[in-house]
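So the chains spell out like this:
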Amino acid sequence: MKSNNLNTYAKPSVILLASVLVCLAPFCVSDQGYAIRVFTLLFLFASMAQSWNIVGGLANQISLGHAAFFGLGAYTSTLLLIHFALSPWLGFLAGMSVAGLTGALLSLPTMRLRGHYFALATLAFAEVLRSIANTWSSLTGGPVGLSVPFSAEGGLALMQFKSGVPFYFIMLAMFILSTFIYKQISQRKIGYELRALKANPASAQAIGINVTKTKILASIISASLMGGCGVLFVQFNFFFDPDSIFSLVSISIRVALICIIGGIGTVWGPLIGACFLLPLEEVFNSTLSAKGAGISQLAYGLILIAIILVEPRGLQALFGRISKKLGI
Amino acid sequence: MALIQAILDGLMLGGVYSVISIGLTLVFGVISIVNFAQAQFLMIGMYVAYYAWAVFGIDPIFGALLSFAVAFVIGYLTQQFLISKVLKAPEVAQIFLTVGLLIVLDNLALILFGSEFKSVQTPYQNESIEFGGLIVSAPYAISFCASVVAGLGVWWLLARTWWGRTVRATSQDRMAAQLIGVNPEKIYRITFALGVALTAFGGGIILPYLTASPSVGEQFGVLMFTVVVLGGLGNVMGAVIGGLAVGVIQSVSSLFLPIQLQNLTLFCVFILTLALKPEGLIGRRTG
Amino acid sequence: MQLTTEILSAKSLTRRFGGLTVVNELDISINKGEIVGLIGPNGAGKTTLFNLLVGLIKPSSGDVYFEGKSLRNYATHERSKMGLVKTFQNVALFSDMSVIENVLTGALQKMPLKKAKDFAYENLEKVGLAHIALKNAADLTFPEKALVELARTLCTCPKLILLDEVMAALNESEMDHILDLIQRLRNAEALTFVVIEHHMRAIMNLCERIVVINFGKKIAEGNPSFISQHPEVIAAYLGNES
Chain A
824 MKSNNLNTYA
834 KPSVILLASV
844 LVCLAPFCVS
854 DQGYAIRVFT
864 LLFLFASMAQ
874 SWNIVGGLAN
884 QISLGHAAFF
894 GLGAYTSTLL
904 LIHFALSPWL
914 GFLAGMSVAG
924 LTGALLSLPT
934 MRLRGHYFAL
944 ATLAFAEVLR
954 SIANTWSSLT
964 GGPVGLSVPF
974 SAEGGLALMQ
984 FKSGVPFYFI
994 MLAMFILSTF
1004 IYKQISQRKI
1014 GYELRALKAN
1024 PASAQAIGIN
1034 VTKTKILASI
1044 ISASLMGGCG
1054 VLFVQFNFFF
1064 DPDSIFSLVS
1074 ISIRVALICI
1084 IGGIGTVWGP
1094 LIGACFLLPL
1104 EEVFNSTLSA
1114 KGAGISQLAY
1124 GLILIAIILV
1134 EPRGLQALFG
1144 RISKKLGI
Chain B
61 MALIQAILDG
71 LMLGGVYSVI
81 SIGLTLVFGV
91 ISIVNFAQAQ
101 FLMIGMYVAY
111 YAWAVFGIDP
121 IFGALLSFAV
131 AFVIGYLTQQ
141 FLISKVLKAP
151 EVAQIFLTVG
161 LLIVLDNLAL
171 ILFGSEFKSV
181 QTPYQNESIE
191 FGGLIVSAPY
201 AISFCASVVA
211 GLGVWWLLAR
221 TWWGRTVRAT
231 SQDRMAAQLI
241 GVNPEKIYRI
251 TFALGVALTA
261 FGGGIILPYL
271 TASPSVGEQF
281 GVLMFTVVVL
291 GGLGNVMGAV
301 IGGLAVGVIQ
311 SVSSLFLPIQ
321 LQNLTLFCVF
331 ILTLALKPEG
341 LIGRRTG
Chain C
-13 MQLTTEILSA
-3 KSLTRRFGGL
7 TVVNELDISI
17 NKGEIVGLIG
27 PNGAGKTTLF
37 NLLVGLIKPS
47 SGDVYFEGKS
57 LRNYATHERS
67 KMGLVKTFQN
77 VALFSDMSVI
87 ENVLTGALQK
97 MPLKKAKDFA
107 YENLEKVGLA
117 HIALKNAADL
127 TFPEKALVEL
137 ARTLCTCPKL
147 ILLDEVMAAL
157 NESEMDHILD
167 LIQRLRNAEA
177 LTFVVIEHHM
187 RAIMNLCERI
197 VVINFGKKIA
207 EGNPSFISQH
217 PEVIAAYLGN
227 ES
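Just so you know, the protein sequences line up as chains A, B and C, in that order.
First residue of the first sequence? That's 824 in my numbering, and the numbers climb one at a time after it.
First residue of the second sequence? That's 61 in my numbering, and the numbers climb one at a time after it.
First residue of the third sequence? That's -13 in my numbering, and the numbers climb one at a time after it.
Take these hints with a grain of salt, some might be off.
[As the list claims (entries may be wrong)] In silico BS3-like cross-links for lysine-lysine, where the CA-CA straight-line distance does not exceed 27 angstroms:
{"hint": "1", "chain 1": "C", "residue 1": "K(-3)", "chain 2": "C", "residue 2": "K203"}
{"hint": "2", "chain 1": "A", "residue 1": "K1148", "chain 2": "B", "residue 2": "K148"}
{"hint": "3", "chain 1": "C", "residue 1": "K100", "chain 2": "A", "residue 2": "K1006"}
{"hint": "4", "chain 1": "C", "residue 1": "K203", "chain 2": "C", "residue 2": "K18"}
{"hint": "5", "chain 1": "C", "residue 1": "K145", "chain 2": "A", "residue 2": "K1036"}
{"hint": "6", "chain 1": "C", "residue 1": "K112", "chain 2": "C", "residue 2": "K96"}
{"hint": "7", "chain 1": "A", "residue 1": "K1006", "chain 2": "C", "residue 2": "K103"}
{"hint": "8", "chain 1": "C", "residue 1": "K44", "chain 2": "C", "residue 2": "K18"}
{"hint": "9", "chain 1": "C", "residue 1": "K103", "chain 2": "C", "residue 2": "K44"}
{"hint": "10", "chain 1": "A", "residue 1": "K1148", "chain 2": "C", "residue 2": "K(-3)"}
{"hint": "11", "chain 1": "C", "residue 1": "K121", "chain 2": "C", "residue 2": "K(-3)"}
{"hint": "12", "chain 1": "C", "residue 1": "K101", "chain 2": "A", "residue 2": "K1006"}
{"hint": "13", "chain 1": "C", "residue 1": "K145", "chain 2": "C", "residue 2": "K55"}
{"hint": "14", "chain 1": "C", "residue 1": "K55", "chain 2": "C", "residue 2": "K100"}
{"hint": "15", "chain 1": "A", "residue 1": "K1036", "chain 2": "C", "residue 2": "K100"}
{"hint": "16", "chain 1": "C", "residue 1": "K112", "chain 2": "C", "residue 2": "K(-3)"}
{"hint": "17", "chain 1": "A", "residue 1": "K1036", "chain 2": "C", "residue 2": "K204"}
{"hint": "18", "chain 1": "A", "residue 1": "K1012", "chain 2": "C", "residue 2": "K121"}
{"hint": "19", "chain 1": "B", "residue 1": "K337", "chain 2": "C", "residue 2": "K100"}
{"hint": "20", "chain 1": "C", "residue 1": "K18", "chain 2": "C", "residue 2": "K(-3)"}
{"hint": "21", "chain 1": "C", "residue 1": "K44", "chain 2": "C", "residue 2": "K204"}
{"hint": "22", "chain 1": "A", "residue 1": "K1021", "chain 2": "C", "residue 2": "K44"}
{"hint": "23", "chain 1": "C", "residue 1": "K96", "chain 2": "A", "residue 2": "K1006"}
{"hint": "24", "chain 1": "C", "residue 1": "K103", "chain 2": "C", "residue 2": "K121"}
{"hint": "25", "chain 1": "A", "residue 1": "K1036", "chain 2": "C", "residue 2": "K112"}
{"hint": "26", "chain 1": "C", "residue 1": "K100", "chain 2": "A", "residue 2": "K1021"}
{"hint": "27", "chain 1": "B", "residue 1": "K337", "chain 2": "A", "residue 2": "K1147"}
{"hint": "28", "chain 1": "A", "residue 1": "K1012", "chain 2": "C", "residue 2": "K145"}
{"hint": "29", "chain 1": "C", "residue 1": "K67", "chain 2": "A", "residue 2": "K1012"}
{"hint": "30", "chain 1": "C", "residue 1": "K100", "chain 2": "C", "residue 2": "K18"}
{"hint": "31", "chain 1": "B", "residue 1": "K178", "chain 2": "A", "residue 2": "K1021"}
{"hint": "32", "chain 1": "A", "residue 1": "K834", "chain 2": "C", "residue 2": "K100"}
{"hint": "33", "chain 1": "C", "residue 1": "K121", "chain 2": "A", "residue 2": "K1006"}
{"hint": "34", "chain 1": "A", "residue 1": "K834", "chain 2": "C", "residue 2": "K103"}
{"hint": "35", "chain 1": "A", "residue 1": "K1012", "chain 2": "C", "residue 2": "K112"}
Note that these hints are calculated values from the structure, not bench results.
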């Protein structure tokens, strides 16, 4: 364990500096431009990855279906807004509730599943929701999708703004919230219980851990946060459709990847992963999309395979190997 | 009567589902990984058969044989150079390797073939056979027959060949198999190759009544996984029965339920089986 | 003067696996404060009995009673909360946690975080391993692991501990240390122990009463000298003396 005097001063200073930069950043760029949109989405995806981290990192259940909760949140708040003029802020709570409840329900039949089976079940669930959303046109608008009703003046109550700055801070706040929750969970009883039941379920039970209850609780928290992110996303983006909001590749896999690449089961992994992956995707999209549909995604898939082949344990382990070699 | 018709249609479709899914279950039973990209090989099979028809005029049922061959080669190489590298790695790596493959294949298809739907015209596609008040559409019937032939072929392979016996031994007891000198990697290569080739073959034989597109993988993915889970992951006979069951469930539920709920029905079957009887309804010991 | 009160009992406990009857109409009774040994050849059903007692396996028939209450509808974690706990034959520590984190996980079942941390350290000291608190659980020797598991178990404030071969692969002095520890714990904390063990010397020195099982049935029961001369016991162990 490396701890020395320099470290004790370095850490808070770095955090302070980072916080200042993060708060100033949106004001240094055009408030409706490309850059601020990227930053905003960065914090959104980091939040999503953090919510995935609760189940994927602590309990080591690889979910490939988190888009289910994302989409549920999105549809809940938008439909409530459209039909009942419910404020998106309340819709945020509603979206979290629906997603959380669904998470609890889904965790029951998947309780004893591990590894590949669990991934499979979650993937199937999100796909089913996608197909239901596509076919239940009377409720969801079908494949055409839904739009959040646009209001010219915007305003806080409607969570719509002329400038890009408020949403930057909203997403930042969401990231802080989800990271805070993750940290709390990992440091408290439930965190220990999750790690225990990941390591040895029988032994965990033998010392009094209610494995079922713990898993359900973790699922609810993870799903709720993801649902909340869904609400924020559609308010930010205005338009969504079943194929994009429940997307296996663009949401479920991406979010899991961000967390894994940055460092699964670590507090800052999601942010690191987002900072790495999202700009990389942007670069791909801008350079390769012009060459044809599908090329940037292809590159994405190829890089994913390459990384796994080089270091199956992910980027953090890869960086670990590299820094060891460099003697850091 | 409509019910019987639906059951009949379901069985016809189900036969094909069986063939498509045998490969997936075989891979899991022997190699112990879920190939998340399996449905993409269905798509490959469809495209190969499509171009065999479009360029050379070969009927898709025979084109499917070409699909089989092409997929076999791709599968063999995939196992050799990709999958084998992660068999000892954490599950996360295994899952994401085949997920990455899924992404690569889907987008390669998009780039190479474009996103338009491609369909074939066969001389028999509008014909049907009638008996006892029931109608059997010719494409369905022909695909079903092709599936039966394929199924018998697989049975023969598993029951009568050296490879088949070794595969069965390996899937039952890996360590014992190694102790008697079986080289698992060779078995894995042939198994994976055969597994994806079967699915590709299935893609070829459904071309007469379905269209090829890069998104075909998505359509069939969940379905294949449902079949395999119902029958028990690793259980080939289970995949056959599971396929027929899923075909019938799909077909019958379309009589009673609005389309939104049909998929939900399938999913409920899937999830309930996973939850209550993970070893499948046929219930064999896991590999 | 000691009042003997029954704390744990099993009545006609049976467990079948397919065609094999692993535990066969077993009756056993444990009194508060006892240290009871459970011995028998390999495959006699000892660990299965433990698993039945804590509820990790359900019986095919028969019942388990703890402090007079039937445990039929109680899950393993609930039995643990009631005070009935067991350790695992191959030691089941949580391998990606440190020693203290392992022990803490047990303590957290009974008290809030702050108190749990202190309590965890206390129990780690009781087994003499406070000095390796920060070591990763996967890096320990087997005896160390067994002791950590014991400390973790102690943190759940148990009333009765089922110890499953906690002394495997120990040398003489390590064994003496654990024997001493178990007796001290029984005396100081009013604990009851049932101990599965293959080391005859350990069992004879530690236990006041020994139950012998073979093929899932009880074949003898009594104090150490009675057991060591019992013909059926000797026969069962023929060739298995360790």
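Evaluated hints:
{"no.": "1", "hint": "K(-3)(C) <-> K203(C)", "in the structure": "holds (12 angstroms)"}
{"no.": "2", "hint": "K1148(A) <-> K148(B)", "in the structure": "holds (23 angstroms)"}
{"no.": "3", "hint": "K100(C) <-> K1006(A)", "in the structure": "holds (17 angstroms)"}
{"no.": "4", "hint": "K203(C) <-> K18(C)", "in the structure": "holds (23 angstroms)"}
{"no.": "5", "hint": "K145(C) <-> K1036(A)", "in the structure": "holds (24 angstroms)"}
{"no.": "6", "hint": "K112(C) <-> K96(C)", "in the structure": "holds (18 angstroms)"}
{"no.": "7", "hint": "K1006(A) <-> K103(C)", "in the structure": "holds (18 angstroms)"}
{"no.": "8", "hint": "K44(C) <-> K18(C)", "in the structure": "holds (24 angstroms)"}
{"no.": "9", "hint": "K103(C) <-> K44(C)", "in the structure": "violated (34 angstroms)"}
{"no.": "10", "hint": "K1148(A) <-> K(-3)(C)", "in the structure": "violated (62 angstroms)"}
{"no.": "11", "hint": "K121(C) <-> K(-3)(C)", "in the structure": "violated (43 angstroms)"}
{"no.": "12", "hint": "K101(C) <-> K1006(A)", "in the structure": "holds (20 angstroms)"}
{"no.": "13", "hint": "K145(C) <-> K55(C)", "in the structure": "holds (14 angstroms)"}
{"no.": "14", "hint": "K55(C) <-> K100(C)", "in the structure": "violated (33 angstroms)"}
{"no.": "15", "hint": "K1036(A) <-> K100(C)", "in the structure": "holds (23 angstroms)"}
{"no.": "16", "hint": "K112(C) <-> K(-3)(C)", "in the structure": "violated (35 angstroms)"}
{"no.": "17", "hint": "K1036(A) <-> K204(C)", "in the structure": "violated (38 angstroms)"}
{"no.": "18", "hint": "K1012(A) <-> K121(C)", "in the structure": "holds (20 angstroms)"}
{"no.": "19", "hint": "K337(B) <-> K100(C)", "in the structure": "violated (42 angstroms)"}
{"no.": "20", "hint": "K18(C) <-> K(-3)(C)", "in the structure": "holds (18 angstroms)"}
{"no.": "21", "hint": "K44(C) <-> K204(C)", "in the structure": "holds (20 angstroms)"}
{"no.": "22", "hint": "K1021(A) <-> K44(C)", "in the structure": "holds (23 angstroms)"}
{"no.": "23", "hint": "K96(C) <-> K1006(A)", "in the structure": "holds (22 angstroms)"}
{"no.": "24", "hint": "K103(C) <-> K121(C)", "in the structure": "holds (16 angstroms)"}
{"no.": "25", "hint": "K1036(A) <-> K112(C)", "in the structure": "violated (32 angstroms)"}
{"no.": "26", "hint": "K100(C) <-> K1021(A)", "in the structure": "holds (24 angstroms)"}
{"no.": "27", "hint": "K337(B) <-> K1147(A)", "in the structure": "violated (46 angstroms)"}
{"no.": "28", "hint": "K1012(A) <-> K145(C)", "in the structure": "holds (23 angstroms)"}
{"no.": "29", "hint": "K67(C) <-> K1012(A)", "in the structure": "holds (15 angstroms)"}
{"no.": "30", "hint": "K100(C) <-> K18(C)", "in the structure": "violated (31 angstroms)"}
{"no.": "31", "hint": "K178(B) <-> K1021(A)", "in the structure": "violated (47 angstroms)"}
{"no.": "32", "hint": "K834(A) <-> K100(C)", "in the structure": "holds (25 angstroms)"}
{"no.": "33", "hint": "K121(C) <-> K1006(A)", "in the structure": "holds (22 angstroms)"}
{"no.": "34", "hint": "K834(A) <-> K103(C)", "in the structure": "holds (25 angstroms)"}
{"no.": "35", "hint": "K1012(A) <-> K112(C)", "in the structure": "holds (23 angstroms)"}
Against the hints set out earlier in the document, violations occur for numbers 9, 10, 11, 14, 16, 17, 19, 25, 27, 30, 31.
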